Amino acid sequence: MASPQPPPSPTLSAAATILGKYQILRFLGRGSFAKVYQARSLIDGTTVAAKIIDKSKTVTTAMEPQIVREIDAMRRLQHHPNILRINEVMATKTKIYLIVEFAEGGELFSKIARHGKLPEPHARRYFQQLVSALCYCHRHGVAHRDLKPQNLLLDADGNLKVSDFGLSALPEQLNDGLLRTTCGTPAYTAPEILARRSYDGAKADAWSCGLILFVLLVGHLPFDETNIPAMYNTIKSRNYVFPTWISKPARHIIFWLLDPNPKRRMKLDSLFENSWFKKSLKSQPESMFGLGFNYEQKCLASGSSMNAFDIISMSSGLDLRRLFETTSNEKRENKFFSSKKMEEVEAKVKEVGEVLGFKVEVGKNGAILLEKGKVGLVFEVFEIVAELLLVVVKVVDGGLKFEELHLEDWKIGLHDVVLSWHTELTM
Amino acid sequence: MGCYLSTSKKVQNPGYEEPNVLASETPFTVSEVEALYELYKKLSNSIIEDGLIHRIFDLFDLKRNGVIDFGEFVRSLGIFHPNAALEDKTAFAFRLYDLRQTGYIEQEELKEMVLALLHESDLMLSDDMIEAIVDKTFSDADTKGDGRIDQDEWKAFVSKHPSLIKNMTLPYLKDITLAFPSFIVRTEVEDSEV
Chain A
1 MASPQPPPSP TLSAAATILG KYQILRFLGR GSFAKVYQAR SLIDGTTVAA
51 KIIDKSKTVT TAMEPQIVRE IDAMRRLQHH PNILRINEVM ATKTKIYLIV
101 EFAEGGELFS KIARHGKLPE PHARRYFQQL VSALCYCHRH GVAHRDLKPQ
151 NLLLDADGNL KVSDFGLSAL PEQLNDGLLR TTCGTPAYTA PEILARRSYD
201 GAKADAWSCG LILFVLLVGH LPFDETNIPA MYNTIKSRNY VFPTWISKPA
251 RHIIFWLLDP NPKRRMKLDS LFENSWFKKS LKSQPESMFG LGFNYEQKCL
301 ASGSSMNAFD IISMSSGLDL RRLFETTSNE KRENKFFSSK KMEEVEAKVK
351 EVGEVLGFKV EVGKNGAILL EKGKVGLVFE VFEIVAELLL VVVKVVDGGL
401 KFEELHLEDW KIGLHDVVLS WHTELTM
Chain B
1 MGCYLSTSKK VQNPGYEEPN VLASETPFTV SEVEALYELY KKLSNSIIED
51 GLIHRIFDLF DLKRNGVIDF GEFVRSLGIF HPNAALEDKT AFAFRLYDLR
101 QTGYIEQEEL KEMVLALLHE SDLMLSDDMI EAIVDKTFSD ADTKGDGRID
151 QDEWKAFVSK HPSLIKNMTL PYLKDITLAF PSFIVRTEVE DSEV
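Here the protein sequences come in this chain order: A and B. Under UniProt numbering, think of the first position of the first sequence as 1, with each following residue one higher. Under UniProt numbering, think of the first position of the second sequence as 1, with each following residue one higher.
Pulled out of the complex, with its shape left as it was, chain B reads as follows:
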């Protein structure tokens, strides 16, 4: 896969964080946080395959210590909640595509990502054609014409093309308690909090 991919990352050490605290800081309810813990435990036991998904998990690792703890997992998934703010989603997508974390999406980075996707499709396109794809997008998005997309340009581009942050919303998160209902057995929520 593309060279920007980080080394293999595991979700590990399912350290628990107070669900009430996480619920107060994210769009999730305390029950949803507990359901996410079931998902988190499930993921901890599986090694996530190589692929672009590491790029996302890299960004989940807020403390940058190579491990995604439960708090980071919930706070990051909160951005993907249908009720989360669009600005947060837009900003997350920017960080996702800013591969080298320079604060800009550069033409070279975009090309790398397009190549990785085409590689997934086993599609060999001529270099000219790939350049044409990237150039066309840059001519739209890079309004200042300095060869890179900054955060403001990105916001403007996303508001013109809302489909770009479609991946930043997971409708499934609204159903998380139905998808992992076993939390009802293990819940630690006291009734006094009701």
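Isolated chain A (complex conformation):
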């Protein structure tokens, strides 16, 4: 054990495992609602973080359904590169284990605690990743509501990972340094929450982002009062000082985000139009054919031939995935048969795509990729026998929008090359 930093865990025994699947390696720290350990999977050797919630101490029975809902929210947010992934949940009668991605780089703010403020380009990069993650969540109907430094982690490559989404309803146990103000109020919390008014989670997150950007650039909090009323007044009167080294555009963003009135406060997604924010912005995860392109790789390359068993296995009746898709009724795939030549079908797909305003690309394995706004499509063509082709149309993103807005247009456009559309049964 060559880790001098973290304090030893009170309960950790040498060979502790979690339900025989993970070996606990070392105590990482106390999160806002759980003890966090570094652990290793005994199945594939991967390193993970295990958050252990003690049911008897931390969580009342009434809160368990809350945790269940939160896990569901976290599951829906898994696909953003700057959101800490949750892998699985385990439980015993007394404990709940959340197994999450291990953020090797530790907390972003311990960097600041050690080295002080960050140069503007560095601060901007973390801020871009933070805002991108939050906008993604807000689009999925989840607000974080509890942004604070110990929820901002770094992976091995120094990318930001936002953790603990939706877990804000869980009790606070912590009281340390940068995380809190002297009077003990959560320093990163928006004034409308302090005032115990009902609030909009996305707006509250925007406030927290303003604070975080300030701390990244300055190295300390803008407000720090000894009691809540004083704190509230300081926030209301915007009584904070920008050090001279903060650039004008960055000041503007902080000023707009730290608007005490949530109605006037800058919306996070409008930052994508801001030139300071956009500077050296990495390709958006929203871009379907970039990072966020997560469609299942088929074993068959487009253009290859398909045998009778391939045809049968298309049956929705053989697709047990339907048992698990609890939340979405989105159809992700459409198929049609064609009796035309492969080249003719491919040319038609490209032509219709262009007419309908899609960006058209040909992928590595011969598939045709199309993108328009938030909708991404993949066309793959397979030969069954001479004079019979099967065309699979995958909806990569924006499935619902595709059904609503585009499917009929495509059907009309492709009419000449389609023999029949394959209709899927839904459960």
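Covered stretches of chain A (chain B as the covering partner; in silico rule of three or more C-beta atoms under 8 Å from a C-beta of chain B):
| id | segment |
| --- | --- |
| 1 | 63 to 70 |
| 2 | 77 to 91 |
| 3 | 309 to 317 |
| 4 | 409 to 422 |
Straight-line C-alpha distance at most 16 Å; calculated EDC-like pairs for lysine to aspartate or glutamate:
| id | chain 1 | residue 1 | chain 2 | residue 2 |
| --- | --- | --- | --- | --- |
| 5 | A | 55 | B | 188 |
| 6 | A | 93 | B | 191 |
| 7 | A | 21 | B | 191 |
| 8 | A | 340 | A | 383 |
| 9 | B | 174 | A | 72 |
| 10 | A | 93 | B | 188 |
| 11 | B | 174 | A | 44 |
| 12 | B | 111 | A | 310 |
| 13 | A | 21 | B | 25 |
| 14 | B | 174 | A | 101 |
| 15 | B | 166 | A | 310 |
| 16 | B | 136 | A | 383 |
| 17 | A | 55 | B | 190 |
| 18 | A | 335 | B | 122 |
| 19 | A | 93 | B | 190 |
| 20 | B | 136 | B | 146 |
| 21 | B | 155 | B | 140 |
Quick caveat, the hints were computed from the structure, so don't treat them as lab data. Values in this document were obtained by computation on a predicted structure and should not be read as measured data. Glycine is no exception: its CB is placed at the ideal position from the N, C-alpha and C atoms.
For chain A, the structure is supplied; the task is to place chain B on it using the hints.
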């Protein structure tokens, strides 16, 4: 639908089996087994529609008593786990397509299944064309040329065309505890087992 489909089958009597035992016999952890129980209860309350899915549930009914109990459900889904052995998946697919359970996939069975799929698509193909599809596959798969595919031929065919057992893997099973997290409230797992 095709005539090989069995009569309507329900998942019923959610009889409980010791999760620890099931976990030790399958790729699942004890928490995953408990999460599967949530899914099992959900399915018990819904009648599964007519369709090829009955063919799969027929095979889940290991005791062949017309009921899929919880143990059968977990053991069978274990085959669909991403970490399950490829041989098990290949064998399950063979049993799936061997409609009349003769130990062979016959040309007639394959044709029946293709017809059922085309029926799903409302696609009317000429008999000649369907024959051509089936013949083409048989000329590839039936290497011994006796008009039927045996287990060895099937294994060889699958290793040439791994996409054929794509349906035998459900990546979702890895996320089962996230999909049905309510088991954390009801878990019966003792800490001494930790």
